[in-house]
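Novice: Below are the chains, spelled out letter by letter.
There are 2 protein chains.
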Amino acid sequence: MNLLLLEDADFVGADRVVLRDRRLTHLQQVHRAESGDSLRVGRIGGQMGKAQILRLEASEAELHITLDQPPPAKLPLTLLLALPRPKMLRRVLQTVASMGVPRLILLNSYRVEKSFWQTPFLEPAAIRGQLILGLEQSRDTVLPEVRIEKRFKPFVEDQLAQICAGTQGLVGHPGQYPSCPRAVEGPVTLAIGPEGGWIPYEVEKLAEAGLQPVQLGERILRVETAVTALLARLF
Amino acid sequence: MNLLLLEDADFVGADRVVLRDRRLTHLQQVHRAESGDSLRVGRIGGQMGKAQILRLEASEAELHITLDQPPPAKLPLTLLLALPRPKMLRRVLQTVASMGVPRLILLNSYRVEKSFWQTPFLEPAAIRGQLILGLEQSRDTVLPEVRIEKRFKPFVEDQLAQICAGTQGLVGHPGQYPSCPRAVEGPVTLAIGPEGGWIPYEVEKLAEAGLQPVQLGERILRVETAVTALLARLF
Numbered sequence: 000m001n002l003l004l005l006e007d008a009d010f011v012g013a014d015r016v017v018l019r020d021r022r023l024t025h026l027q028q029v030h031r032a033e034s035g036d037s038l039r040v041g042r043i044g045g046q047m048g049k050a051q052i053l054r055l056e057a058s059e060a061e062l063h064i065t066l067d068q069p070p071p072a073k074l075p076l077t078l079l080l081a082l083p084r085p086k087m088l089r090r091v092l093q094t095v096a097s098m099g100v101p102r103l104i105l106l107n108s109y110r111v112e113k114s115f116w117q118t119p120f121l122e123p124a125a126i127r128g129q130l131i132l133g134l135e136q137s138r139d140t141v142l143p144e145v146r147i148e149k150r151f152k153p154f155v156e157d158q159l160a161q162i163c164a165g166t167q168g169l170v171g172h173p174g175q176y177p178s179c180p181r182a183v184e185g186p187v188t189l190a191i192g193p194e195g196g197w198i199p200y201e202v203e204k205l206a207e208a209g210l211q212p213v214q215l216g217e218r219i220l221r222v223e224t225a226v227t228a229l230l231a232r233l234f
Numbered sequence: 000m001n002l003l004l005l006e007d008a009d010f011v012g013a014d015r016v017v018l019r020d021r022r023l024t025h026l027q028q029v030h031r032a033e034s035g036d037s038l039r040v041g042r043i044g045g046q047m048g049k050a051q052i053l054r055l056e057a058s059e060a061e062l063h064i065t066l067d068q069p070p071p072a073k074l075p076l077t078l079l080l081a082l083p084r085p086k087m088l089r090r091v092l093q094t095v096a097s098m099g100v101p102r103l104i105l106l107n108s109y110r111v112e113k114s115f116w117q118t119p120f121l122e123p124a125a126i127r128g129q130l131i132l133g134l135e136q137s138r139d140t141v142l143p144e145v146r147i148e149k150r151f152k153p154f155v156e157d158q159l160a161q162i163c164a165g166t167q168g169l170v171g172h173p174g175q176y177p178s179c180p181r182a183v184e185g186p187v188t189l190a191i192g193p194e195g196g197w198i199p200y201e202v203e204k205l206a207e208a209g210l211q212p213v214q215l216g217e218r219i220l221r222v223e224t225a226v227t228a229l230l231a232r233l234f
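Quick note, the sequences are listed as chains A and B, same order. 73 is the number that numbering that gives the first Met the number 0 gives to position 74 of the first sequence; each next residue is one higher, with no gaps. 43 is the number that numbering that gives the first Met the number 0 gives to position 44 of the second sequence; each next residue is one higher, with no gaps.
For the record, the hints were derived by calculation from the structure and aren't laboratory data. There's no promise every hint is true.
[Stated by the list, open to error] Restraint ranges, calculated between C-beta atoms of paired labels, are given here:
1. P199/B to E184/A: 33 to 39 Å
2. Y176/A to A160/B: 39 to 45 Å
3. Q46/A to A164/B: 46 to 52 Å
4. I198/A to P199/B: 50 to 56 Å
5. Y176/A to A57/B: 40 to 46 Å
6. K73/B to E6/A: 42 to 48 Å
7. V183/A to V17/B: 46 to 52 Å
[Said to hold, decoys possible] Per the computed footprint, the stretches of chain B lying under chain A, defined by three or more beta-carbons under 8 Å from a beta-carbon of chain A, are:
8. 94-108
9. 126-139
10. 212-220
Glycine included, every Cβ here is placed at the ideal spot set by N, Cα and C.
Isolated chain A, as found in the complex (with noise of 0.2 Å):
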């Protein structure tokens, strides 16, 4: 945790909050702070700055809060994920939170394995949870939208063209395609493929609505890896 993210519940006045749950343990056993130690904090949705603990008590922390710079630029992409299997899915959920993607649609695909879609790890507050992870570790205080499209031909025939308008389209596909392309200028929306990749249908799919197949060499990546991998070329 290199930042302590505060929620507008613990405010217990303008600059004072009141904390009690695993961020008070955090401060306790890995920060082993103390009153009067300052920290980093940033306000969920708001600006980030320091925190001086007033006081520390088994219990509760209450600290005095300072907020004063803007959280760090988000890259200006839509990121379209076939679903990852769901142990994937919450690494991936933090990966993309602390790389600053502000903008995640969970789409289906031939080869996500239908019991994907039941895992509790994609219920809001699960998703919540992995994202508020992933900004703690990179400093980040503004939450990405997290979509989910159940339906990939709906989604890619009805609303994708209009997703990806404006922006260069791109899918990560390894196959005889161009390069990924690196220090893109303007705003992206890429696709990332499932494990075993996205099946000749969907890419057809994909490119009609303006995504063109880029790949990243004979490698196969995990999808964690691949994510990782494709924004620090693109961006």
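Add chain B to chain A, keeping to what the hints say.
Specialist: Showing chain B alone in chain A's frame:
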């Protein structure tokens, strides 16, 4: 597992192998393979190709092997990594192997907790196990060399300059440094610090040995994410 890796001990003839371990289970449960099926294989340290399943029983499988393709090229890189915490170490070893890093040096740093050096995940068999998972993921056969250097100062003073000679030497470090270069030509020696970063003394010693600090932006990434992002940008 995108490539079934074969050990020398699996071979019962020039082009025949017998499998009995987790790879047999994988064939049965994940691939749901049957006699006659064909799949991608590689010989550790050697070539890649196809196997045909001659016989698939509960306790063993016999395969006919044709090896005729070279493994993918490695990156022209020596990667120095401050020893990550044990759980992260395992994932980083997989990532390093899957991205094609040929040489990894696990190094001490002031911010590496002493207890990390006690982990059983540093035993050669444990390291090899994780590297193999990475090779299986990305379809490669050649194990990265992994060196362990528990003493920062003697290693950096006595050995690093020689390792770094003739390469572009870089240290990933947050701060007012040039951005990490993109699409470099020629070999690189790259050092990545622990959680919390190198201390200034370490950055100075690494610079004396020929490694110049570069940064990846203001976001603080987990070690595994930083490794992937830096490699994707450099190569």
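Novice: Each of the hints needs a verdict: does it hold here or not?
Specialist: Comparing the hints with the structure gives:
| no. | hint | verdict |
| --- | --- | --- |
| 1 | P199/B to E184/A: 33 to 39 Å | holds, 36 Å |
| 2 | Y176/A to A160/B: 39 to 45 Å | holds, 41 Å |
| 3 | Q46/A to A164/B: 46 to 52 Å | holds, 47 Å |
| 4 | I198/A to P199/B: 50 to 56 Å | holds, 52 Å |
| 5 | Y176/A to A57/B: 40 to 46 Å | holds, 42 Å |
| 6 | K73/B to E6/A: 42 to 48 Å | holds, 46 Å |
| 7 | V183/A to V17/B: 46 to 52 Å | holds, 50 Å |
| 8 | 94-108 | holds (count 4) |
| 9 | 126-139 | holds (count 4) |
| 10 | 212-220 | holds (count 6) |
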